[in-house]
Amino acid sequence: MHSGIYTAYSGLKAQMEALDVLANNLANINTAGFKEQKAFFSALNLALDAPGATPLEEAINTHAVLAENALNASNGPLVETQRDLDLALVGNGFLTIETPGGVRHSRNGNLVTDARSVLCTADGHPVLGEGGRIVLGPGRVEISQDGEILVAGTRVDRLKLASFDNPSALLREGNSLLSPNGQLPKPASGTVVRQGYQEQSNVNPVLATVRMLEIMRHFEAIQKSVHLMYNEMDAKSIEKLGR
Amino acid sequence: MLRALYTAASGMEAQQLNIDTIAHNLANINTSGFKQRKVQFQDLLYQSERNAGTSSTASTEYPVGLQVGLGTKPVATQMIFTQGDYAATKSPLDMVIEGQGFFQIVQSNGQIAYTRSGNFHLNREGSLVTPDGDLLDPQITIPSDNIGITIGSDGTVSVIQAGQTQPQKVGQIEIAMFQNPAGLQSVGKNLFLPTLASGDAITGTPGEEGLGTLLSGYVEQSNVSVVEEMVNMIVSQRAYEANSKVIRTADEMFSQANNIVR
Numbered sequence: 001m002h003s004g005i006y007t008a009y010s011g012l013k014a015q016m017e018a019l020d021v022l023a024n025n026l027a028n029i030n031t032a033g034f035k036e037q038k039a040f041f042s043a044l045n046l047a048l049d050a051p052g053a054t055p056l057e058e059a060i061n062t063h064a065v066l067a068e069n070a071l072n073a074s075n076g077p078l079v080e081t082q083r084d085l086d087l088a089l090v091g092n093g094f095l096t097i098e099t100p101g102g103v104r105h106s107r108n109g110n111l112v113t114d115a116r117s118v119l120c121t122a123d124g125h126p127v128l129g130e131g132g133r134i135v136l137g138p139g140r141v142e143i144s145q146d147g148e149i150l151v152a153g154t155r156v157d158r159l160k161l162a163s164f165d166n167p168s169a170l171l172r173e174g175n176s177l178l179s180p181n182g183q184l185p186k187p188a189s190g191t192v193v194r195q196g197y198q199e200q201s202n203v204n205p206v207l208a209t210v211r212m213l214e215i216m217r218h219f220e221a222i223q224k225s226v227h228l229m230y231n232e233m234d235a236k237s238i239e240k241l242g243r
Numbered sequence: 001m002l003r004a005l006y007t008a009a010s011g012m013e014a015q016q017l018n019i020d021t022i023a024h025n026l027a028n029i030n031t032s033g034f035k036q037r038k039v040q041f042q043d044l045l046y047q048s049e050r051n052a053g054t055s056s057t058a059s060t061e062y063p064v065g066l067q068v069g070l071g072t073k074p075v076a077t078q079m080i081f082t083q084g085d086y087a088a089t090k091s092p093l094d095m096v097i098e099g100q101g102f103f104q105i106v107q108s109n110g111q112i113a114y115t116r117s118g119n120f121h122l123n124r125e126g127s128l129v130t131p132d133g134d135l136l137d138p139q140i141t142i143p144s145d146n147i148g149i150t151i152g153s154d155g156t157v158s159v160i161q162a163g164q165t166q167p168q169k170v171g172q173i174e175i176a177m178f179q180n181p182a183g184l185q186s187v188g189k190n191l192f193l194p195t196l197a198s199g200d201a202i203t204g205t206p207g208e209e210g211l212g213t214l215l216s217g218y219v220e221q222s223n224v225s226v227v228e229e230m231v232n233m234i235v236s237q238r239a240y241e242a243n244s245k246v247i248r249t250a251d252e253m254f255s256q257a258n259n260i261v262r
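Chains as they are written, first to last, in the numbering used here: chain L, 1 to 243; chain Z, 1 to 262.
One should not assume that every hint holds.
Partial selection, computed: residues in chain Z whose CB lies under 7 Å from chain L [what the hints assert, rightly or not]: (1) Gln42; (2) Leu66; (3) Thr82; (4) Ala176; (5) Leu196; (6) Ile260.
Some, not all, of what chain L presents toward chain Z, calculated at C-beta under 8 Å [as the list claims (entries may be wrong)]: (7) Ala67; (8) Arg83; (9) Ser225; (10) Leu228.
Just so you know, these hints were derived from the structure itself, not from any lab.
What you are looking at is a predicted structure, and each value in this text was computed from that prediction instead of being measured.
Just so you know, even glycine gets a beta-carbon here, dropped at the ideal spot from N, CA and C.
Modelling step: build the complete structure from the supplied sequences, incorporating the hints.
This is the structure we're talking about:
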């Protein structure tokens, strides 16, 4: 059996996974603060570890696999909502969220208050300020560009904004939450808070559609090569040589 | 291997809910005191195939992981409590609350509900009622021999009775506010009910802090913006289309995979 068929299989599998990643990007086109994931392929060389492998063996044993998906951290477009508790973060900062599983981070600034007037996410997890949970009393909430929270003109707290050296390594947990995954959050400098705005997802539907066509055509090309190997070469050799 | 199909289906379902909500907003464009609804989405769970930070060799780590997301889910339909426009009606019993407050209404089952729609009428006993006939709380009764009704910005209801020149106070309107109005439950007929999330009603006379003042002779129109809803509708339709294309692409890929062996 030739190894080409396995190389092709790894390619087909990698393209399918790339479509899975793309489908998730497009499904979240209306999720506030969503960051696109970009799939990267890498070559896995199965012959490199084998003792005495020849350059030819190394060349034909290279498999394509989906290796990683990096976060496209660019800012999404801002949309005005006029809601006092909609916050958009301009820059590389993240909100700090308290969850039962520990501290998490989010770019989704669609916030609410609970019955005890604690500022929290749409899921009810408290959003942390520098002094812990933020309790908003009655009155108009104003949040300045540097995250200072004023209720009816009185300062309450300041939003705890975090930034990371490598945001791509943050673990996505769903529900718009990212887990620090061992990285230490640093205070975000230069992140501007815009009150009354929502950051839309940064997925570009046009680029995603082009990428989708590309994935499909790559898949088709690999499928053709498998077809050629299996139906033309193998089948013919078996039919003709056995005669 | 059918992840892309279900992921895209979750995207299409989300856009359907989005369109449902836009339709509801547009249908209520003439409903007094109506507040615009907006669907909020979050990403669904992720399958982690390789975590960032795990060892690639004894001394190095993968800087970036491989996580495949499984789509989107709607998490809330939020009410946007911005003030609507005012329309003059010339009826003194129509009122706008300029602020955060709600009128208190006694439903036919005795339960108090809350509304932003200040569109009131008199019943045959002369009491202020909603167009559905539910009483305003506290109950206010207007004597039938009046020649003019005035409602002040602080909720004082006074009438001038026939044969008199001085206005006479006949009632005091009280309004309510909530710590978290977005947590109120909509029950239709312009009414809201309190929930654990909204907190209990804080009542007071109009003009007290945060409650807002009354403006008689006007009704608050819906705060739905037709232009904004149209734009949302276009975005939603295109997003639906993009997700349906993913389904078609995934389908074609699976069909090609099935055709490898003929």
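Any hints from earlier that this structure breaks? Give me their numbers in increasing order, please. 4, 9 and 10
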